Amino acid sequence: MAHTITLTVNGTGYTREVEPRLLLVHFLREVLELTGTHIGCDTSQCGACTVTMDGLAIKSCTAFAVQADGATIVTIEGMAKDGKLHPIQEAFHEEHGLQCGYCTPGMIMTLSQVLERNPDPTDEEIRHGIAGNICRCTGYENIVRSARDAARRLREEA
Amino acid sequence: MATYTGQSLRRTEDERLLLGNGNFTDDIVLPGTLHAAFLRSDRAHARIVSIDASAGLAIPGVVAVMTAADLGDVPNKTMIVKRDGMQEDKMIPHPILATDRVRYVGEPIAIVVAEERYLAFDALEYIVVEYDPLPAVVDPRQAMKDEVILHEDIGTNVVMKVLEGEGDIEEAFGKADHVVGHRYDDPRISAFPMEPRATLASYSPEEKRLTVWTSSQVPHQIKRYLAPMLGLEPDQVRAIAPDVGGGFGRKIELWSDEVALSVLSMKLGRPVKWTEDRRENLLSTHGRAFTSDVEAAINNDGTILGMRFRMIADLGAYFYTSTGGPLSNAAHRVAGPYGIPVMDIEVLGVFTNGPPTGPYRGAGGPEAALLTERIIDVAAGVIGMDPAEVRRRNFISADAFPYKTATGYTYDSGDYQRAFDRALELSEHDGWREAQRKRGPNEPLLGIGVAAAVKASGGSARTRNARADVYVEPSGAVKITTEASPHGQGTETTFAQIAADALGVPYESITILHSDSDMLESGHGTTSSRGLAVAGSAMYEALIQTRAKAAAIAGHILGCAADDVVFEDGKVYSASDPEQAMAFSELASAAYRPEKLPEGLEAGLDTKVSFTLDSNPFGFGAHVAVVEVDRDTGDVKLIRYTAVHDCGILINPMVVEGQIHGGLVQGISQALYEAMYYSPDGQPLTASLMNYAVPIAEELPTLVTDSLETPSPTNAMGIKGVGELPTVGSPPAVANAIMDALAGMGVDNLDTPITPERVWRAMQAAR
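Chains as they are written, first to last, in my numbering: chain A, 65 to 222; chain Z, 1088 to 1854.
It is worth saying that the hints were derived from the structure and are not from the lab.
These numbers were taken from a predicted model, which means no experiment stands behind them.
Don't take every hint at face value.
As the list claims (entries may be wrong) - Some, not all, of what chain Z presents toward chain A, calculated at C-beta under 8 Å:
#, residue
1, L1106
2, E1282
3, R1365
4, H1574
5, L1776
6, A1784
7, E1785
8, L1790
Quick reminder that beta carbons are idealized off the backbone N, C-alpha and C, glycines included.
The shape of chain A in the complex, shown without the other chains (with noise of 0.2 Å):
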């Protein structure tokens, strides 16, 4: 039954024999031991999950790995380079987005996507883009800040 996929995940290639039922989740979490990407809900909607696949965002618990096959994911572990702070993990760090720290990732791959398309959001559009993702710590108040300094640094590295 186990079905043979290649991919490359945050840079370096893989490739694994997979049940076709396993998902994305825990194929990164698991298999590939990049326990960065959280589970949060069973239902698609808490976005701890969230990673992107041939550049968008996308919910690995709502994707099987066979699904994968072929595609370029990028985790959280992949956002930094060279030992420096991605620009929105610089933001989340300056500006006091995260508390317990596991909706994070989720949040910072989503908005990975969301500053992409629009560079310089309002403070309701960084509300739109997060929709999909859920924090109980901060009251997103901070995250919506850090969305903001994130977009500055990101125009200001163009």
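Use these hints to put chain Z onto chain A, whose structure you have.
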């Protein structure tokens, strides 16, 4: 002297979490780990006739199925801490696994252990439980009639009674210009930490030692409770709370899984891991769950003469460790920030066919404030006075502290009037009132709600004790072990700020260690807003003792008196002759060399303290909510939220503000969205995010906050806890705003969560 205290230092905790390098329980991989899954009752109340696990066990890769019959010598019960109002003969603990009866949907019956996670889930489908159904009762008022009794041997569902108060309430009611009354339901809600619970138990037969990683706020307690249950000595058990993804009070129990997985690991000689899914989390335990009648006596000048409360708490089917806690808390906390002379309170605790309840952020405080703050608005309406003005006329004045309430609390300090007025100003309260008067008939209804709240920090006398170790290494590096067990509070950062200032050393030289029972003999963890107030105060005491010894050594070396020694910028010098100086690291090194020490002083620079905070500090919060209500659909939009808090001296204003934001939104959400609904026969109707509403960013406005600092005289740092405080006042502020918007529509009352449907139905009924 304070270099770091009061600064918004960015958090030490952030980097690992931002990089995806956090270490949550489910992230931990031990060789040979088995995966566990629970078979849970799908009945609210039933006898178990039989359990047949044979087909599940036959699946290749399934290692074991454990039921209550396999527990052996381990007593089939979790742990209860007796609270006010509990009676020994009615303290029925939650079982580890159900034996012959289940009493709520979600109650654990059996555990499957398999080589792989998915195999364990597969096996659950093949275990057959035959039930003999029993009638269920989920409404606590119905349960009080004892027509369906959960535990026949005690003969009643009413198992707790708390009485509190002072003065003659009938006399107060008799002489008042008005007496108003209402019933308010405050339903079950989920704490909903983003990381559900998880447990990994690993017994080493060689070391005869059990290690339990658990997503808990109280690892030291888990160790203390587990060891005797398992027939182990305390030092044979180690409990670790690694990174924990939120708790909010619902990770302070000894859970049946912690016991069951330990038993399994000891039997099988392999690590066993279980990670809760969201459905299990939503069905395992809830907060709030009160239904109450409240009456208030008020004079036309706004003076509140007295209040009567008849509260009923839905305990669920059993007691977990802290289930009984919110009842007496609520009885004390109904006083709020007001000088109400007469209070008469009864709180009953009732078993129902629901999961056990317990403290959730605020722990009786929000339950109490919802009643006091909502009835004040009703009373204000009756006398025709602005609700803000009624509050101002009843606040305890700033010169009245320490103030003893008619509910048995002694408030340490505060300036409620000033903080409240600041909130009115910051929110542009009067401007909104003006805007409300100008609203046209085709615009949405506008409502303004205020609330004021007080919250104790530190918990009971039992939890006001804490241990702390300060160890200055010979290099000058400082390692501090606290019994606080943080899960988002930023304790590694804020405690290091305090320590760096106390020893006059760079912030970077401090390491804060926590959440491992091998590091400290005991501890109560992070609960009850005690992290900084109690565990932090214990650390501060240890730091002061460390500094005193260091000063004696420095004085000896520098040739000055100990009280002349100054600690600053990593240096130690004589205040009267600053030329006489040495690096802190030199001093630390000298402290371990007996020849450098004054006579009679033992070598070493480490201090262990067990510290007790004699009394609780009380923080204050003032809230102003502004809402718009759609006249046609009943949709409520929170358009502005302002809160001013006084939690004493701020160690890190950024971290405090973050706590306030999160606390406010949990309370706002309680008012607008959240409730666990059950059918009358006990089936859950809100077992996933498909129908349990946790707010998303789009539903919330920008939060406007400010802080005042009234130092607490209860502790050396002048601090008060802030973790729970914001959650106390925000539900009634939002509820009051909605009722204010509906004033004149003939809507008598709406219970939380005040959903568009409830508003729409009420408006239709009133037409």
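The hints, checked one at a time:
About 6 Å separates the beta-carbon of L1106 of chain Z from the nearest beta-carbon of chain A, less than 8 Å, and the hint is met. Hint status for E1282 of chain Z relative to chain A: holds, with the closest Cβ pair at about 5 Å, below 8 Å. A least Cβ separation of about 4 Å between R1365 of chain Z and chain A falls short of the 8 Å threshold, and the interface hint therefore holds. Hint on H1574 of chain Z holds. Least Cβ distance to chain A is approximately 5 Å, under the 8 Å limit.
Checking L1776 of chain Z against chain A by beta carbon gives a least distance of about 4 Å; that is within 8 Å, so the hint holds. About 4 Å separates the beta-carbon of A1784 of chain Z from the nearest beta-carbon of chain A, less than 8 Å, and the hint is met. Checking E1785 of chain Z against chain A by beta carbon gives a least distance of about 5 Å; that is within 8 Å, so the hint holds. Taking 8 Å as the C-beta cut-off, the interface hint given for L1790 of chain Z holds, the closest approach to chain A being about 5 Å.
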